[in-house]
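Enquirer: Mind docking chain G on chain X? Use the hints.
So the sequence lines, in the order shown, correspond to chains X and G. Quick note: the first sequence uses the numbering used here, first residue 1, plus one each step. Quick note: the second sequence uses the numbering used here, first residue 1, plus one each step.
If you're looking for bench data, these hints aren't it; they were derived computationally from the structure. A couple of the hints might just be wrong.
Note that the list lumps identical chains together, so a pair holds whenever it fits in one copy or between two copies.
To be verified - Result set (DSSO-like, lysine-lysine): computed pairs, CA atoms no more than 30 Å apart in a straight line:
| id | residue 1 | residue 2 |
| --- | --- | --- |
| 1 | K60 | K133 |
| 2 | K150 | K133 |
| 3 | K81 | K48 |
| 4 | K60 | K81 |
| 5 | K48 | K75 |
| 6 | K150 | K134 |
| 7 | K168 | K150 |
| 8 | K48 | K150 |
| 9 | K75 | K60 |
| 10 | K60 | K134 |
| 11 | K60 | K150 |
| 12 | K134 | K81 |
| 13 | K60 | K168 |
| 14 | K75 | K134 |
Protein chains: 2
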Amino acid sequence: MKRIAFSLVAVAAVAGVVARMAYASGQPDGAVAPIYGITIPPGYRDWKLIAVDNLLVPGKADQVRAQLGNEIAIKAFEEGKVPFPDGAIIAAIHWTRVPSQGNNRVLAGPFPGAQSFVVGSSVNVQFMVKDSKKYAAAGGWGFADFTDGKPGSTALTETCFACHAPAKATDFVFTRYAP
Amino acid sequence: MKRIAFSLVAVAAVAGVVARMAYASGQPDGAVAPIYGITIPPGYRDWKLIAVDNLLVPGKADQVRAQLGNEIAIKAFEEGKVPFPDGAIIAAIHWTRVPSQGNNRVLAGPFPGAQSFVVGSSVNVQFMVKDSKKYAAAGGWGFADFTDGKPGSTALTETCFACHAPAKATDFVFTRYAP
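Only chain X is shown next, with the shape it has when bound in the complex (with noise of 0.2 Å):
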């Protein structure tokens, strides 16, 4: 019993901590995210770029989306070296893509017919964490998704495997370094 409650100051010290780091580095809560108990990265949003993209879902999403990498991620990139070592995390920010009235008046000097689109707001972010024992089903990464600091659902979560298994032989990771 003892020791019990002692588990339970412990987790609830490092779960403190955890929420303080969070907040350190601006994110609303140190929520975990169902099945591969992820929490949000702190100071990702601060990390190497890897690449960016747009995705568009006729009706659902028009997105412009960056790829960033902690240290262990970007040296992985960099040498190219599959499959990822335990320790690397790959951030996916994905933002509104709208077009930019601003911009475009600029534009249409220099280049007639311009469009710029830009940044609108926040949609989600989401993680991949390797670990190749703890993940050792999911292809020794963890996936985590979160809308406003908040994570996802256990049923959105356990999708991003499945999704991901065709990207087997650059280990589960469909992103490329940009030059």
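Expert: What follows is chain G alone, placed relative to chain X:
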């Protein structure tokens, strides 16, 4: 005469250092861009992300783009301060935007009709360097453009400040920090 000779040696020595720094950072050379005398800042590809965008000029350009900032620039963005302090540098990296058939095949299951666009190849990289004294005649900013490490022409570089002039309220910077 002795003084001139000494200066040339000093210039050559500095140029050598710049060239070595550029080489160490993976840049092809230490070429100096016209008008503002800017060289490619070593390590810029590892700077923190400001924002991403798209530019479409029908028949001419279809780009995904990212803006990165050195520590001085990022701090100013985070604090929402203008004018940017001296030493701030913003890097704008431009790539061709290409459809990813591989991503589209994967997305077709969960997201019918989804279109993924990813980084194709490097187009160019542009820099804004803040030095309120040195570049007083151009709003305190020096501008440079590099394609494959080679600086753009004087004619091209002359257009930079005129194009940025409408953004005077935000210290001639169009990009907003993405959440």
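Enquirer: Evaluate each hint against the coordinates.
Expert: Hints versus structure:
For a Cα distance limit of 30 Å, the shortest separation of K60 from K133 qualifies neither inside one copy, at 36 Å, nor across copies, at 49 Å. Taking the shortest Cα distances, K150 and K133 sit within 30 Å of each other inside one copy (26 Å), while across copies they are farther apart (47 Å). Taking the closest pair of Cα atoms, K81 and K48 come within 30 Å of each other both inside a single copy (17 Å) and across two copies (23 Å). With identical chains, the CA atoms of K60 and K81 are never at most 30 Å apart, being 35 Å at best within one copy and 35 Å at best between copies.
Taking the closest pair of Cα atoms, K48 and K75 come within 30 Å of each other both inside a single copy (10 Å) and across two copies (16 Å). For a Cα distance limit of 30 Å, the shortest separation of K150 from K134 inside one copy, 23 Å, qualifies, whereas the shortest one across copies, 47 Å, does not. Taking the shortest Cα distances, K168 and K150 sit within 30 Å of each other inside one copy (29 Å), while across copies they are farther apart (38 Å). In the homo-oligomer, the alpha carbons of K48 and K150 lie at most 30 Å apart both inside one protomer (24 Å) and across protomers (24 Å), since each shortest distance falls under that limit.
In this assembly of identical chains, K75 and K60 lie within 30 Å of each other by CA distance neither inside one copy nor across copies; the values are 35 Å within and 35 Å between. In the homo-oligomer, the alpha carbons of K60 and K134 never lie at most 30 Å apart, since the shortest distance is 34 Å inside one protomer and 48 Å across protomers. Taking the closest pair of Cα atoms, K60 and K150 come within 30 Å of each other only inside a single copy of the chain (21 Å); across copies the shortest separation is 41 Å, beyond that limit. In this assembly of identical chains, K134 and K81 lie within 30 Å of each other by CA distance solely inside one copy; the values are 21 Å within and 44 Å between copies.
Proximity of K60 to K168 under the C-alpha cut-off of 30 Å is restricted to the intra-copy arrangement: shortest distance 28 Å within a copy versus 36 Å between copies. Proximity of K75 and K134 under a CA criterion of 30 Å is satisfied intra-copy only: 22 Å inside one chain copy versus 37 Å between copies.
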